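Novice: Sequence:
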Amino acid sequence: MSDENQVELEARLEEQEVFEPSEEFVAQANVSDPDIYEEFEENWPQSWERAAEMIDWDESYDEVLDDSNPPFYKWFTGGKLNASYNCVDRHVENGDKNRVAIKWEGEHGETRTYTYQDLYREVNEFAAALRAQGVEEDDVVTLYMPMVPELPIAMLACARIGAPHSVVFAGFSAEALATRMNSADSRCLVTCDGYYRRGDALDHLDKANEGLDGVDHGVDSVVVVDRLGEDGFDHELRGNQHDWDDLMAEHAGERVEPVERDAEDMLFLMYTSGTTGQPKGVKHTTGGYLSYAAWTSHAVLDIEKEDTYWCSADIGWITGHSYIVYGPLALGTTTVMYEGTPDFPNRDRLWDIIEKYAVDIFYTAPTAIRAFMKWGSRFPEQHDLSSLRLLGTVGEPINPRAWKWYYKHIGNEECPVVDTWWQTETGGMMVTTLPGVCDMKPGSAGPPLPGIDAQIVDTTGAEVDAGRAGYLTVNKPWPGMLRTLYKNDERFVQEYWQEYSDVNSDDSDDWVYFPEDGAKVDDDGYITVLGRVDDVINVSGHRLGTMEIESAIVGVEGVAEAAVVGANHELKGEAVYAYVITEDGAEGGEELRGRIIEGVEDAIGPIARPEEVVFTPELPKTRSGKIMRRLLEDVANGEELGNTSTLRNPEIVDTIARQVEQQRN
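Counting in the numbering used here, the sequence shown runs from 1402 upward without gaps.
Hint data in this document are derived by calculation from the structure and do not stem from the laboratory.
All values derive from a computational prediction rather than experimental measurement.
It is possible that part of the hints are untrue.
Unchecked claim - No farther apart than 20 Å at their CA atoms in a straight line, the calculated lysine to aspartate or glutamate pairs in the DMTMM-like style are these: (1) Lys2022 <-> Glu2034; (2) Lys2027 <-> Glu2052; (3) Lys2022 <-> Glu2041; (4) Lys1775 <-> Asp1744; (5) Lys1481 <-> Glu1454; (6) Lys1706 <-> Asp1840; (7) Lys1888 <-> Asp1663; (8) Lys2022 <-> Glu2040; (9) Lys1877 <-> Asp1908; (10) Lys2022 <-> Asp1935; (11) Lys1888 <-> Glu2041; (12) Lys1706 <-> Glu1494; (13) Lys1498 <-> Glu1440; (14) Lys1877 <-> Glu1864; (15) Lys1877 <-> Glu1440; (16) Lys1706 <-> Asp1490; (17) Lys1877 <-> Asp1854; (18) Lys1481 <-> Asp1497; (19) Lys2027 <-> Asp1666; (20) Lys1809 <-> Asp1854.
Claimed, not checked - Using C-beta positions, here's what the derived DEER-type ranges look like: (21) Glu1418 <-> Pro2007: 22 to 28 Å; (22) Gly1926 <-> Arg1491: 55 to 61 Å; (23) Asp1647 <-> Gly2039: 51 to 57 Å; (24) Leu2042 <-> Asp1635: 34 to 40 Å; (25) Lys1498 <-> Gly2043: 50 to 56 Å; (26) Arg1656 <-> Asp1457: 15 to 21 Å; (27) Lys1888 <-> Pro1435: 41 to 47 Å; (28) Glu1439 <-> Arg2059: 41 to 47 Å; (29) Val1904 <-> Gly1995: 48 to 54 Å; (30) Asp1924 <-> Glu1440: 19 to 25 Å.
Positions of the beta carbon are idealized from the N, C-alpha and C atoms, including for glycine.
Please model the entire structure based on the sequences and the hints provided.
Specialist: Encoded structure:
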């Protein structure tokens, strides 16, 4: 690492249990031959033609990988294709026009169903509308929308005409919208009047208009979807604003030929947070990204076109791009979209949807699973979940107790669970089990996927021994990787490649991708991700991953969720502060506090003993469900609280601060 005083990361959790996939699952799995790992290694990079074969090409590529200018790698060079054609047209042409593409359910229970023929018609009509609004090839179109069907329709319409899209999560602020439109020089916005959350209609257009006022260049066109109808806020559209339905009516029946795109042409921008405070515009390209999203959907999620598949993420995040829209639709399956929250109007809402649509594959976040566990198994037990064949988790490491709860109460101990590690920047899954090949170890993501050269290294870049912790690195390029940061090649190299690479080398083997995650590896090559490098606590010179301590706490009966942070300590440097949510019916008192401390000491050792255990009804979380540990650190250190504007529950921070103050007094 660049810090000369950096101490090696330590791993202290005991070895995981092992679960095998059933013979019935393996027999039907898309990938079930264990030799696939060796085949990829022996034939790399040509082995990635497996991914390229998942999609249709207008012109075949000349070369699988061009690594002549690392780290600016190029995949399937010379190939021509269109992502919209691959996700829509080819299924219509292949006789699947009446297969359901999207099943959408609104928060109030209203539904819409789109066959591939319906999707073909609406994508074409909106593509024609965009062109009529002056959008041309390579213009960036910003989409600031909630989970409504018009969002994937707009994405595919942009792809059809060769206009990269930039989706901004609907929960983000007006300022965030303006920042992203300014960065992308985007002159077209697609948004909506509002949406529902926990039964209430939210005014989204007012926020969008505020954001537009902060855009420092001209905006040529704004398209507004009427989501709320009679519940709307009676907005008057501005001069350059157009109603979605009116535009679709104007272009009813029109067809737009898919624009032939080079494999390396940009498909979309996805902005993600950066260490400098300025969001990073991650650039994903058409050929490599689409083929990788399709192949991982096929191999890891085991998707068949006959399936009904549900990823509960929001399309405003990369998970929704890869595993609600592009991956599943490229495979011609049915993808489910849900507008609302998991607990409205009741805490069984998701299980009701799974039963209603006979969902085969369910892919969700550990944050949600911990909430389900807190609410109790009686909610899923009210529903028939026997249609499920595979379960998945995404977004952060999952602790073993939550994994086993998910496996037992949702999958009935019959569904494999794929615990997937990846990032916005990777485009798709990188470390996970292949469900038809690998055993599962709760809490461990699994081995690197075939063709992915992931290694755990120490601060010098040397591989660590099995059982040791270190830093996750990726030593070979992969098709779904980001190509650069939008208009900022220098930052791309600095943020992702400089830590362990020989930046003066032209040899691609000397370039190492560093995702800034800590991890450990076991004797079987399974990787357990310990969290972000900055999610570690340095206790008396021992660097402990927050995920391991949190897993030990959640392993205590009565605990539903936990977050730990490091706080200043006169003797230890940093001490562990634990914020704990109890399960329904459990009391957060001295007895449970004692069992938590004992549980951490037993699982990890006295070095990880929490200095304080604070019971709280909620944890501060961003709108994407991630715990905002920085604010918990502020509370633990008694410092002035930082910005809470990005939280979905900002009021909880003051509540926690008062509890800590009372506990200390």
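Novice: Could you run down the list of hints and mark each one as holding or not?
Specialist: Quick rundown of the hints versus the structure:
1. Lys2022 <-> Glu2034: Measuring from Cα to Cα gives roughly 14 Å; hence the hint holds.
2. Lys2027 <-> Glu2052: holds (16 Å)
3. Lys2022 <-> Glu2041: Distance ~18 Å between lysine 2022 and glutamate 2041 Cα, so the pair holds.
4. Lys1775 <-> Asp1744: holds (12 Å)
5. Lys1481 <-> Glu1454: holds (13 Å)
6. Lys1706 <-> Asp1840: violated (25 Å)
7. Lys1888 <-> Asp1663: holds (19 Å)
8. Lys2022 <-> Glu2040: Distance ~19 Å between lysine 2022 and glutamate 2040 Cα, so the pair holds.
9. Lys1877 <-> Asp1908: holds (12 Å)
10. Lys2022 <-> Asp1935: holds (17 Å)
11. Lys1888 <-> Glu2041: violated (36 Å)
12. Lys1706 <-> Glu1494: It holds: about 15 Å lies between the C-alpha atoms, which stays within 20 Å.
13. Lys1498 <-> Glu1440: violated (36 Å)
14. Lys1877 <-> Glu1864: holds (15 Å)
15. Lys1877 <-> Glu1440: With Cα atoms ~16 Å apart, lysine 1877 and glutamate 1440 stay inside 20 Å; holds.
16. Lys1706 <-> Asp1490: holds (15 Å)
17. Lys1877 <-> Asp1854: holds (6 Å)
18. Lys1481 <-> Asp1497: At roughly 24 Å apart (the allowed maximum being 20 Å), aspartate 1497 and lysine 1481 break the hint.
19. Lys2027 <-> Asp1666: violated (32 Å)
20. Lys1809 <-> Asp1854: violated (32 Å)
21. Glu1418 <-> Pro2007: 22 to 28 Å: Holds - the Cβ-Cβ distance for glutamate 1418 and proline 2007, about 25 Å, lies within 22 to 28 Å.
22. Gly1926 <-> Arg1491: 55 to 61 Å: Violated, since glycine 1926 and arginine 1491 (Cβ atoms, about 37 Å apart) do not stay within the stated range.
23. Asp1647 <-> Gly2039: 51 to 57 Å: holds (56 Å)
24. Leu2042 <-> Asp1635: 34 to 40 Å: holds (37 Å)
25. Lys1498 <-> Gly2043: 50 to 56 Å: Holds: the Cβ-Cβ distance is about 52 Å, inside 50 to 56 Å.
26. Arg1656 <-> Asp1457: 15 to 21 Å: Given range 15 to 21 Å: holds, Cβ gap about 18 Å.
27. Lys1888 <-> Pro1435: 41 to 47 Å: Holds - the Cβ-Cβ distance for lysine 1888 and proline 1435, about 44 Å, lies within 41 to 47 Å.
28. Glu1439 <-> Arg2059: 41 to 47 Å: Violated - the Cβ-Cβ distance for glutamate 1439 and arginine 2059, about 58 Å, lies outside 41 to 47 Å.
29. Val1904 <-> Gly1995: 48 to 54 Å: Between valine 1904 and glycine 1995, where Cβ atoms are some 51 Å apart, the hint holds.
30. Asp1924 <-> Glu1440: 19 to 25 Å: For aspartate 1924 and glutamate 1440 the Cβ distance comes to about 23 Å; the hint holds.
Violated hints, listed in ascending order, are 6, 11, 13, 18, 19, 20, 22, 28; each of the other numbered hints is respected by the structure.
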